[in-house]
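Sequence order for the protein chains is A and B.
So for the first sequence, the working numbering puts the first residue at 1; every next one is plus one.
So for the second sequence, the working numbering puts the first residue at 261; every next one is plus one.
I should point out that these hints are in silico values taken from the structure, not numbers from a laboratory.
You may find that some hints are simply not true.
Claimed, not checked - Ranges between beta-carbon positions, derived for each pair:
1. E59/A - K324/B: 21 to 29 Å
2. D33/A - I323/B: 48 to 56 Å
3. K328/B - K200/A: 35 to 43 Å
4. V321/B - N161/A: 27 to 35 Å
5. K324/B - P164/A: 45 to 53 Å
6. D199/A - K412/B: 36 to 44 Å
7. Q465/B - R92/A: 50 to 58 Å
8. P164/A - K481/B: 48 to 56 Å
9. V217/A - N421/B: 20 to 28 Å
10. H508/B - D208/A: 41 to 49 Å
11. D252/A - I323/B: 55 to 63 Å
12. D459/B - D33/A: 40 to 48 Å
13. K353/B - R207/A: 24 to 32 Å
14. L400/B - K29/A: 28 to 36 Å
Just so you know, even glycine gets a beta-carbon here, dropped at the ideal spot from N, CA and C.
Number of protein chains: 2
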Amino acid sequence: MTKKRPLILVTNDDGITAPGIRTLIEVMKELGDVVVVAPDSPQSGMGHAITISDTLFCEQVTIKENYKHKEYSCSGTPADCVKIATQEILHRKPDLCVSGINHGSNSSINVIYSGTMSAAVEAGVEGIPAIGFSLLDYSLNADFEPTKKYVKAITKNVIKNGLPTGVVLNVNIPKLSASEIKGMKVCRQANAHWEEEFDKRTNPQGRDYYWLTGTFVNKDKGEDTDEWALQNGYVSVVPVQFDLTAHHFLDDLNTWELND
Amino acid sequence: MTKKRPLILVTNDDGITAPGIRTLIEVMKELGDVVVVAPDSPQSGMGHAITISDTLFCEQVTIKENYKHKEYSCSGTPADCVKIATQEILHRKPDLCVSGINHGSNSSINVIYSGTMSAAVEAGVEGIPAIGFSLLDYSLNADFEPTKKYVKAITKNVIKNGLPTGVVLNVNIPKLSASEIKGMKVCRQANAHWEEEFDKRTNPQGRDYYWLTGTFVNKDKGEDTDEWALQNGYVSVVPVQFDLTAHHFLDDLNTWELND
């Protein structure tokens, strides 16, 4: 990367006014020139959705009067924000894309449902080094102060070292005070899943409907996983790829009688 | 798997009335007992979105009077359909989940944007063998007849062999006549991406908006990729995993000065 101040694209999935992205902007302003392109409303659970059957609005907004960088509010998903930022706002690839800080965990299997991580992955697909940050606290009043040190340290490392093609980082931060966090751990994604429960109700017109709820189940006993790290007071750093090929199964699959 | 007729969950992302899912249902009825739970409207490009901030409706519908299996129309995403099918409709895991047949390609990087594949992945996360099928023809009048032979052959193989934990199949079928298709090829996901272009317009109220368009770019010269197979007249079969950890980068990442 260049030695001049890097151009940093900041986005998220909780919406442009969420406290988490405000913290991320603060930290990034210390490290580079910031442009914000983020959804105009919460997009949690949007996964890697993109807007292909609807129009997209994207307009400059002023969130804080004393901010000197430019911010844009977009009607689309986090992945849309990255696409439109590169093509229509920056007219170049930023040197880095950071997404978050998400209000809530994106560890283990949550990565596939995560709008925060889809923005980072979208940037990665476009060849931009990218990091998604999440704090394990869903509250709008979450304390993001303890996250700053780690967000800054990881970002500085990415600016210094770059990232290999096809890899982005998924960083999750436990809900602990600064003194309780033990440091950072490089991890693999834990093998965990959600056991869904649907809360069935009836609306005033007599029609049944459901709310999706669920219980998170981690059966992975490994001490090298993001879940282990987070439960033991560490910030988890998982390198994430978007070549989804199960390479380990190719040989077996080739023994199948597919063309008989 | 059991020797009695397997219970097959059928879903898609083009909506329950799309021609593609009708073909898939026809083939699956030859192989097992079918239950359909699919979106009430098109969900293309929804990626792995789930509905966590809104209500879900899911109701039994009759699409064709002479169909004896049960069909349910759901207001949510493809991933929602799999979750609600397992928990609220079947009250058990189906023996197999098939998704599609999608109107349009889900090869290479399209897998991450694909609602069709997110349904298959969601089933995989829940431990259900799963396959996503796509035909490289966006038209609602697409000819699905030539796909039947391949859909049946792959599904029979999965019923016979099962799939390893953490792996689902992404099957793409070229837009060719039955006699032109050369057979099936086991492939890896090509390293390709979209170069976006936004079509900027102004609405009657004077507000700018955009339509997302783009050009598909495949720089991967490999002859073992899904793109190569499809361009050369083969049906591509890619095993897909949802452990997104970039295992090959863990050692390097551990050399970073993260805790200094």
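Hint by hint, here is what the structure shows:
Restraint check, E59/A to K324/B: a C-beta distance of roughly 46 Å breaks the suggested window 21 to 29 Å. For the hinted restraint 48 to 56 Å between D33/A and I323/B, the CB-CB distance of approximately 55 Å keeps it satisfied. Remark: the range hint 35 to 43 Å for K328/B to K200/A is contradicted by a beta-carbon distance near 26 Å. The beta-carbon spacing between V321/B and N161/A, approximately 54 Å, falls outside the hinted interval of 27 to 35 Å.
Distance hint check for K324/B and P164/A: the Cβ-Cβ separation is about 51 Å, which falls inside the suggested range of 45 to 53 Å. Restraint check, D199/A to K412/B: a C-beta distance of roughly 39 Å satisfies the suggested window 36 to 44 Å. Against the hinted window of 50 to 58 Å, the Cβ-Cβ separation of Q465/B and R92/A comes to about 31 Å, which falls outside the hint. For the hinted restraint 48 to 56 Å between P164/A and K481/B, the CB-CB distance of approximately 19 Å leaves it violated.
At roughly 27 Å, the beta-carbon separation of V217/A and N421/B lies within the given 20 to 28 Å, and the hint holds. Checked against the hint of 41 to 49 Å, the pair H508/B and D208/A passes, with Cβ atoms roughly 48 Å apart. Checked against the hint of 55 to 63 Å, the pair D252/A and I323/B fails, with Cβ atoms roughly 37 Å apart. For the pair D459/B and D33/A, the supplied restraint of 40 to 48 Å is violated, since their beta-carbon distance comes to about 28 Å.
Remark: the range hint 24 to 32 Å for K353/B to R207/A is upheld by a beta-carbon distance near 28 Å. Taking 28 to 36 Å as the suggested C-beta distance range, the pair L400/B and K29/A does not conform, at roughly 49 Å.
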